[in-house]
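2 protein chains.
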Amino acid sequence: MSQVYGKVALIGLGLIASSMFWAMKRGGVAGEVSGYARSEATRDTARRIGLCDTVCDSAEAAVTGADLVVLAVPVGAMGTVAAAIAPYLKPGATVIDVGSVKGAVVAEVGPHIPETVHFVPTHPMAGTEHSGPESGFATLFDNRWTLIVPPEGADPAAVERVEAYWQALGANCERMEVEHHDLVCAVVSHIPHLIAYTMVGVADDLSRVSDQEVIKFSAAGFRDFTRIAASDPTMWRDVFLTNKAATLEMLGRFTEELFALQRAIRTGDGEELFDYFTRTRAIRRGIIQAGQDTDAPDFGRGKRHE
Amino acid sequence: MSQVYGKVALIGLGLIASSMFWAMKRGGVAGEVSGYARSEATRDTARRIGLCDTVCDSAEAAVTGADLVVLAVPVGAMGTVAAAIAPYLKPGATVIDVGSVKGAVVAEVGPHIPETVHFVPTHPMAGTEHSGPESGFATLFDNRWTLIVPPEGADPAAVERVEAYWQALGANCERMEVEHHDLVCAVVSHIPHLIAYTMVGVADDLSRVSDQEVIKFSAAGFRDFTRIAASDPTMWRDVFLTNKAATLEMLGRFTEELFALQRAIRTGDGEELFDYFTRTRAIRRGIIQAGQDTDAPDFGRGKRHE
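Sequence order for the protein chains is A and B. Taking numbering that gives the first Met the number 0, the leading residue of the first sequence gets 0, the next gets one more, and so forth. Taking numbering that gives the first Met the number 0, the leading residue of the second sequence gets 0, the next gets one more, and so forth.
Watch out, some of these pointers could steer you wrong.
Heads up, the list lumps identical chains together, so a pair's fine if it works in one copy or across two of them.
Stated by the list, open to error - Derived lysine to aspartate or glutamate pairs resembling EDC-like cross-links, with alpha carbons at most 16 Å apart:
(1) Lys243 with Glu159
(2) Lys89 with Asp66
(3) Lys89 with Glu59
(4) Lys243 with Asp268
(5) Lys215 with Asp141
(6) Lys215 with Asp203
(7) Lys24 with Asp141
(8) Lys215 with Glu173
Derived by calculation from the structure, the hints in this document are not laboratory data. Just so it is clear, the structure is predicted and the values come from calculations on it, not from any experiment.
Generate the whole structure from the sequences, applying the supplied hints.
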């Protein structure tokens with residue numbers, strides 16, 4: 000038993016919030032969990048599968064008396080939700096969000112939070128290509144990183160408690176400054192997603208290669224892209240709209256490099272291609288050593304090789 | 000026991016050839032398997048781990064008396080190998096290759112094959128990010144596609160036997176015309192690999208985000224790219240040099256689409272982004288229905304969720 004908060008309110012009941020609920024139950028991290036989702040269908044599903052101790056019909060009701068309020072809605076909806084719940088927040092409570100972009104969230108949510116309430120933006124770097132209240136599972140955050148992005152002047156005790164909470168859900172925590180967070184995530188997450196979406200879109204458009212062929216032969220590399228490109232459209236639309244500066248900067252760098260490789264292909268510069276491809280292997284080794292993946296051969300296969 | 004050929008010679012002993020050997024042993028597909036690799040270290044490793052019944056010190060010795068000769072070297076080396084072994088091929092024997100590009104292989108290998116020998120280009124669409132004689136395993140081809148690309152005027156009985164051979168190794172077979180093969184593979188495999196290499200290269204170059212950060216937080220999407228970008232550099236250099244036309248054409252389409260999405264981000268066109276991201280989800284569903292992947296959540300995780 001390692002209870003960190005008495006009452007926790009989950010606003011939004013998608014993949015992240017539902018996984019947080021099951022992880023809280025697994026570890027006895029919260030005394031009581033209330034939940035709210037804007038869609039009635041989602042609330043009905045939550046009640047049916049036992050997601051949350053109480054599912055409320057308004058965000059206001061869910062946050063009443065809560066010691067921790069979790070904003071788990073798309074980044075573009077955070078401001079509106081914060082404005083709606085602000086008058087009902089308990090003095091001394093803490094509000095966290097789980098958005099993938101932090102600059103926009105701090106700007107949109109921050110001004111609505113009362114002075115008596117702590118606001119600590121967080122970003123669990125875990126997910127799957129599934130979404131909705133039934134997609135969550137207790138182990139989602141195990142050994143994954145959650146970035147803690149406290150605004151200037153944040154109360155150190157409140158920040159430490161948020162960190163203890165995420166650790167109790169299984170995550171490793173690291174603190175990061177707002178602007179740096181948005182740049183790092185553009186590199187490791189936002190641009191890879193945009194590129195995957197683009198590649199899948201190109202394949203879909205190509206009339207000379209049939210959809211059936213693309214699907215049949217996807218194991219040759221394309222399959223990993225489709226998995227990334229199957230992620231929640233609303234969430235990703237908001238990510239790109241709200242992390243515009245870092246995204247556009249990284250896209251510029253990406254196309255610059257791509258054009259250099261394209262030129263090497265066109266001119267038949269095998270040495271440049273070989274050197275480039277050799278260099279990228281080292282990063283992969285670093286990831287395996289860092290324990291963020293296994294080196295079991297999985298690429299292009301549905302099941303892992305035993 | 001379903002022996003398809005008496006003696007099989009494997010030229011090149013990397014991931015594909017070593018997997019073919021173990022799959023042949025599993026199914027009793029060949030009476031006897033000889034092997035050759037250019038590198039002495041590779042031959043020593045093969046002898047140590049029992050890869051091939053006989054490891055020969057020359058390609059000529061390996062192919063002598065063989066009913067099936069498998070060219071399993073990088074695409075750029077196929078022509079040289081074919082020229083070297085041609086005088087030693089048994090009349091009535093069949094030569095196949097396992098290269099990822101077919102136009103260049105047909106052009107380079109074809110002219111060296113004696114009239115008394117059959118030549119049937121094939122392309123097993125299976126692999127991992129590992130390479131070398133110790134990376135093979137018997138189940139690599141199970142339920143994966145092998146494309147059979149017979150040149151004009153190929154002997155139907157020889158082609159059928161090659162097909163039966165691949166099926167005995169566990170693969171599903173589909174016949175395809177040379178030029179179409181190279182276009183399909185550019186879409187489902189070659190361009191995805193080039194993009195993954197580029198993205199990993201960009202991350203590596205970025206001084207404001209440390210390597211350590213890129214590696215630590217890779218589970219957010221970047222990790223799948225690093226797996227693809229860890230594939231064998233020599234193999235991929237040759238793919239891009241020999242499938243230049245289709246690669247450059249598809250790269251043009253890709254950057255066109257990417258620029259359209261970039262513009263939507265810059266102008267804040269959320270509707271276009273949402274519609275695009277929604278459309279790409281459908282392809283993913285098609286792949287799951289086609290049985291080329293499972294829908295267990297794996298994205299961003301080292302182990303599958305049970």
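Results for each hint:
1. In this homomeric assembly, Lys243 and Glu159 never come within 16 Å of each other (Cα to Cα): the closest approach is 30 Å inside a single copy and 55 Å across copies.
2. In this assembly of identical chains, the alpha carbons of Lys89 and Asp66 lie at most 16 Å apart only when taken from the same copy (7 Å versus 81 Å across copies).
3. Only within a single protomer do Lys89 and Glu59 lie at most 16 Å apart by alpha-carbon distance; the minimum there is 11 Å, versus 82 Å between protomers.
4. Only between protomers do Lys243 and Asp268 lie at most 16 Å apart by alpha-carbon distance; the minimum there is 12 Å, versus 35 Å within a single protomer.
5. Only between protomers do Lys215 and Asp141 lie at most 16 Å apart by alpha-carbon distance; the minimum there is 14 Å, versus 33 Å within a single protomer.
6. Proximity of Lys215 and Asp203 under a CA criterion of 16 Å is satisfied intra-copy only: 13 Å inside one chain copy versus 33 Å between copies.
7. Taking CA atoms no more than 16 Å apart as the test, Lys24 paired with Asp141 passes inside one copy only; the shortest distance there is 14 Å, against 40 Å between copies.
8. In this assembly of identical chains, Lys215 and Glu173 lie within 16 Å of each other by CA distance solely across copies; the values are 10 Å between and 41 Å within a copy.
Hint check: a violation occurs at hint 1 only; the rest are consistent with the structure.
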